[in-house]
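Listed here are the chains, written in short residue letters.
2 protein chains.
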Amino acid sequence: MRDLQAYANIVNARLEAIPEVVPEGRFAVGEMPWLLSESMRYSLSAGGKRLRPAMLLAAVEMLGGSIGDALDYACAVEMIHTYSLIHDDLPGMDNDTLRRGRPTNHVVFGEGQAILAGDGLLNCAFETMLKAAADRPDRALDCLLAMREIATGAGVTGMIAGQVMDLYCEANNIGDVNALQYIQRNKTACMFIYPLRAAARLCEAGEEALRALTDYGRAFGLLFQATDDLLDVTGDQENMGKTLGKDAESGKLTCVSAYGVEGTRALVERLHREALCALEPFGERAAFFAALVDSMVDRTK
Amino acid sequence: MRDLQAYANIVNARLEAIPEVVPEGRFAVGEMPWLLSESMRYSLSAGGKRLRPAMLLAAVEMLGGSIGDALDYACAVEMIHTYSLIHDDLPGMDNDTLRRGRPTNHVVFGEGQAILAGDGLLNCAFETMLKAAADRPDRALDCLLAMREIATGAGVTGMIAGQVMDLYCEANNIGDVNALQYIQRNKTACMFIYPLRAAARLCEAGEEALRALTDYGRAFGLLFQATDDLLDVTGDQENMGKTLGKDAESGKLTCVSAYGVEGTRALVERLHREALCALEPFGERAAFFAALVDSMVDRTK
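Those protein sequences? They're chains F and R, same order as listed. Letter by letter, the first sequence follows residues 14 to 314 in the working numbering. Letter by letter, the second sequence follows residues 14 to 314 in the working numbering.
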């Protein structure tokens, strides 16, 4: 069984090799200007854990599919995640100047180029998947359905809807639990649920697997957010420098502000059970996914 | 033969009906918040000529395809065009407060929501095409190849590359003819070339049609830009209120600043010939496209 780092390494190697992300000639038509490539690469190589693409690849292996066929979809998921961070950090949104200890994209390249780097990564995610799909005409429908899952998760009834609500609630001091749940399910959980569903599509998995991965992805996404919120206030060393610390001070809506520390601990426990329960149909083959939630919960103990 | 307005009406009717663009419940998971829908619709319904989607539909009819099968791809092209305008107008880019006589998206909804409305429209373009493609599993490969053309035109070696170069040249006062050509080919012409190529893919047209439509799209796009630049300085009434007027005053790189008025007139004449020449393989069936360039050139006389 591969671990998270092993999958992350596979993703990183492929991201380096995707032609669109490698600098090309400056003024040649049909080639990307070096500046766009550089700004996209700057954020793409900022050292994330590659959690979302790793989970997509792990799901493909669990379902008996080929990692090679799924790799460009995994990279696309990471491009989408990265674009959302670049746009999130902009002065018109969260106005963050640091991410993972490095200056944010707009601080380095300027606001306009950062907007375009984000647009570029989102569009490039689809270019990358469509190229992979066109290279497998025998599997056109599976590829198309996988892409559709990713587009849905990232889209106007998924991640972007969550972002809109998040920004709206912050600007208008709205802090009810319904809003929190809407934001966490859409902004955070959708980008776990739908990449897993894409893996199922690539493997032509049946309805049961699709449902199980959807349930796991939702529980995982909410758990990811709840443990982050919890670690933030319980002062875990590893998290001291994170943006969330700032949020806690600023009174931003989090699981802890909504449910209290004990309430959040109970939520973490419930989501942990739900995630493991969702994995039952896969038995031993789901070891990667079981270990992933176990380790996440362990950090809060 | 339908005219531009007839195609635009078809596009407008369909844009109204696409579920993702119609407001839905506010906090329901899996539904778009009203605010996102409203901000996307605000710019989408701002009264453009629908030139790009109309040309896609006209190409499909010319090639003997079905408008119904192509309609969602046409709408996607308009969504992409609209997102690029919203992001272009942002304070970090051109900082425009008016477009087509109405306040720009960020003036109405705020900068953060405007960034997300743009992201939403770009992602929604792919969601819309992927839904249409999933509804036609018998034509999965054609749909996929059509989507890929549109993604390429809009993407990091197409429109976005042109935007990056445009912003870079303006910020650094770069004004050479190579840069101008790069920007106009990528930023402007690609979003005519690739939607036409998408039409050819949807109709399973051969290499000759693909090449002819590529040549026409390129000539058309450059002609579109050159006539706009020309009308701007020759003071055509219809264009007096346009952004380009501002550009001419600000010393922005245009065809006229690069080639002079007479040089631009000669360029218009050459591109007009090239566009008509590219249509030859289609004979009488290309009447819509011939009329389109003729009327564009007539306006400069």
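These aren't lab readings, by the way, just hints derived from the structure by calculation. Hints are supplied without guarantee of correctness; some may be wrong.
[Stated by the list, open to error] Chain F stretches covered by chain R per the calculated footprint, using a threshold of three residues with CB under 8 Å from any CB of chain R:
hint : region
1    : 15 to 22
2    : 113 to 125
3    : 132 to 145
4    : 179 to 190
5    : 291 to 303
[To be verified] Cut-off 20 Å, straight-line C-alpha distance, at most; resulting in silico cross-link-like pairs (DMTMM-like, lysine to aspartate or glutamate):
hint : chain 1 : residue 1 : chain 2 : residue 2
6    : F       : Lys144    : R       : Glu29
7    : R       : Lys144    : R       : Glu29
8    : R       : Lys144    : F       : Glu293
9    : R       : Lys144    : F       : Glu220
Where a beta carbon is used, it is the ideal one built from N, C-alpha and C, also for glycine.
Discussion item. Going through the numbered hints above, which ones does this structure break? Give me the numbers in ascending order.
Written reply: 1, 5, 6, 8
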